[in-house]
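With chain A held as given, fit chain B with the ligands onto it using these hints.
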Amino acid sequence: MNNSTQSQPAAIAAHLSNVSRTTVIELEHLSVRIGQKPVLTDINLKLKAGEVTALLGPNGAGKSTLLKSLCQEIELEAGRINIHQQPLTQWDRQNLAKSLAVLPQHASLTFPFQVHQVVEMGLYPLTLSQQQGEQLIDSQLEQVALSHLKYRSYPTLSGGEKQRVQLARVLTQLAQSDKPPILLLDEPTSALDLAQQHRVLKLVKSLAHEQNYAVVVVLHDLNQASRYADRLVILQQGEVVSDGPPHEALTPATIRQVWQYDPIVVNEPGQLTPLLF
Amino acid sequence: MDNRRWLWPCLLTALVITSLMSVSIGPLQISPSVSFSAVINWATQIDIGSVAPHEQLVIDQVRLPRTLLALAVGAVLAQCGAVMQGLFRNPLADPGIIGVSSGAAFGAAICIVLFPQGGEYAVAISAFLAGLVTTLVVYRLASSPSGTSVVLLLLSGVAVAALAGAGIGLLTYMADDMALRDLTLWQLGSIAGAQWHYVILSLIALAVVSWQFNRSAKALNALLLGEAEARHLGLDVDKLKLKLIVLCAIGVGISVAATGIIGFIGLVVPHLVRMMVGPDHKQLLPLSAILGAALLALADIGARAIVAPSELPVGLVTALIGAPFFIVLLLKQRSKLV
Ligand SMILES: Nc1ncnc2c1ncn2[C@@H]1O[C@H](COP(=O)(O)OP(=O)(O)OP(=O)(O)O)[C@@H](O)[C@H]1O
Ligand SMILES: [Mg+2]
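Keeping their order, the protein sequence lines are chains A and B.
Note that our numbering numbers the first sequence so that position 166 is 187, with each residue one more than the last.
Note that our numbering numbers the second sequence so that position 251 is 1427, with each residue one more than the last.
The following block holds chain A by itself, in its conformation from the complex:
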């Protein structure tokens, strides 16, 4: 019951005072239109290093689109994006890749690479010796608990195993970052079993809190989001409707408004945020 001390107010406050939290991503008046449809409207966000930010919202709210605009996959209609105080468009791609990595919602690798070769692709922007590279690959595979599948052919893996391999690849990419690394994860737990979901979210949280990563993660499970994220940003039809620490941002009223769903709220003793069903 008490292994969740980190999410208690005192722990949060201690954490806040310990880490100097630099802003790593700034979105100013960001709007995106796909065809005629406005997908994102006037988004303003400042995301900080050392924090896990969960991006929540119903299907089609624009979560993936927001991540895509952060990695220049989508043209902006208006607004500005700064990464480490520098406009996104002025970044050299290879330099940016060292400190910003993206796990897409869907991966489409069909060629029969072995698992370690897929993770090895994460080394592309880095300058490591062969030996350092191999060590890094091994340690990343261990982090996602896939060391035993190192030589398996990627297309033969299960959906969840594939997702974890891709996560290991993305983490590898950030190993040499000279600034607080930025990690964008689009539904990293969608194919994982319960234990693996918690394992991945724990990993992500420790990266933020112990290694000063800035993590933006799209999630659908509100309970997990409240438990592992420091901050929730809730999108509805392309607009930010709620933003703040879990217990403030996610109220039954918000859930009713955003998801049109009436949640059952269970208050668990010792937990700051209630459980929702």
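These are calculated hints, taken from the structure and not from any lab test.
One thing to keep in mind: the hints can contain errors.
With a straight-line cut-off of 27 Å between C-alpha atoms, the simulated DSSO-like cross-links for lysine-lysine are [as the list claims (entries may be wrong)]:
(1) B:1458 <-> B:1417
(2) A:223 <-> A:69
(3) B:1458 <-> B:1415
(4) A:223 <-> A:171
(5) A:58 <-> A:69
(6) A:183 <-> A:67
(7) B:1417 <-> B:1394
(8) B:1508 <-> B:1458
(9) A:171 <-> B:1417
(10) B:1415 <-> A:171
(11) A:171 <-> B:1419
(12) B:1394 <-> A:183
(13) B:1394 <-> B:1419
(14) B:1419 <-> A:183
(15) A:67 <-> A:223
(16) B:1394 <-> A:200
Since the structure is predicted, the reported quantities are computational estimates derived from the model, not experimental observations.
Just chain B with the ligands, lined up with the frame of chain A:
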């Protein structure tokens, strides 16, 4: 994974043996040891003896250029095939199947028929340009951000090849007898009558293409993840694609100018290599070059031997082997097609 190291010596040995066979076999039988000495004589320009002058002449003038041309073109086509498969993210891409060879042949034919005084280099250049245009057109037609659909790719290839074929057909009506013979040869693919300047041109193409492809091996691996993912890894995807397309056009264009359309090498060879070492381009490209060289030299030996003392066009032999192989691959992919 590193238990595949045996593959290198195996393939290299196969390459040497095939090359030696290719130099020895023909209407004038020369023993392998004699032809080996003859090749050494030729390479060092020092007479180490034991080779009769007429044998030396046959090897210098006929067998050696022919063998070298087969090796160079085989290595180029196999690598271009491997790269196109990476570029299209589709293991069925091949310069012949997607119509690039036909396009290049059309370019060569234009030059042969309409500008007969242009010379071999003009033929090679116009084959390259036409090959480049064809590759770009097929790429535009068949690719989407999420990859390339097999159906679209093959249909684009059919359409482009039909267009190029019609163009070549039209040109045959305008051609004089000399050019007509050349054209027929081009469409079937032949290494007979290899000329030294084409050998040199092909070897240069081989050097350039192999060097640049191998420098892009890691990037090609990353590209297989998907274009967006490759961009996230810091790759300039558009630049990479353009570079690879131009290099493929150079490789295929010069090969077609030198030997005509030789199909399926670019399909069969990378596929076999992938079965042995997997899809990693760091291994796939050099091993494809070696196996491609050996396989085309072997096919050329077949072309000479099957109906001796007459000869088959080598394109016929590669098609005889390659087409059934292609059908098997299609059957394996059938579940994905529907
Ligand atoms: N290429 C496109 N063409 C047309 N509409 C698009 C395109 N991409 C996204 N959209 C629309 O933009 C909206 C936001 O899409 P987005 O993928 O960002 O949603 P999401 O919040 O990630 O949803 P999910 O939870 O289902 O992943 C959706 O209504 C979607 O239909
Ligand atoms: Mg999404």
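Results of checking the hints against the structure:
This hinted pair checks out: residue 1458 of chain B and residue 1417 of chain B have alpha carbons roughly 18 Å apart, not beyond 27 Å. Straight-line distance between C-alpha atoms of residue 223 of chain A and residue 69 of chain A comes to about 18 Å, which keeps the hinted pair within the 27 Å bound. Taking the CA atoms of residue 1458 of chain B and residue 1415 of chain B, the gap is about 20 Å. The hint holds against a cut of 27 Å. A hinted pair counts as satisfied when its Cα atoms are at most 27 Å apart, and residue 223 of chain A with residue 171 of chain A qualifies at roughly 22 Å.
At most 27 Å may separate the alpha-carbon atoms for a hinted pair to count; residue 58 of chain A and residue 69 of chain A exceed this at roughly 30 Å. Our distance criterion of 27 Å between C-alpha atoms is broken by residue 183 of chain A and residue 67 of chain A, whose separation comes to about 32 Å. Distance hint between residue 1417 of chain B and residue 1394 of chain B is fulfilled; the C-alpha atoms sit about 13 Å from each other, no more than 27 Å. About 26 Å separates the Cα atoms of residue 1508 of chain B and residue 1458 of chain B, which keeps this hinted pair within 27 Å; it holds.
As the CA atoms of residue 171 of chain A and residue 1417 of chain B are separated by approximately 30 Å, the hinted pair breaks the 27 Å bound. For the proposed pair residue 1415 of chain B and residue 171 of chain A, the alpha carbon gap of about 32 Å is over 27 Å, so the pair is violated. At most 27 Å may separate the alpha-carbon atoms for a hinted pair to count; residue 171 of chain A and residue 1419 of chain B exceed this at roughly 33 Å. Straight-line distance between C-alpha atoms of residue 1394 of chain B and residue 183 of chain A comes to about 21 Å, which keeps the hinted pair within the 27 Å bound.
At roughly 14 Å between alpha-carbon atoms, residue 1394 of chain B and residue 1419 of chain B fall within 27 Å of each other, so this suggested pair holds. About 31 Å separates the Cα atoms of residue 1419 of chain B and residue 183 of chain A, which puts this hinted pair outside 27 Å; it is violated. In summary, the hint linking residue 67 of chain A to residue 223 of chain A is supported, as the alpha carbons are separated by about 23 Å, within the 27 Å threshold. For the given pair, residue 1394 of chain B sits about 25 Å from residue 200 of chain A by alpha-carbon distance, which is consistent with the 27 Å threshold.
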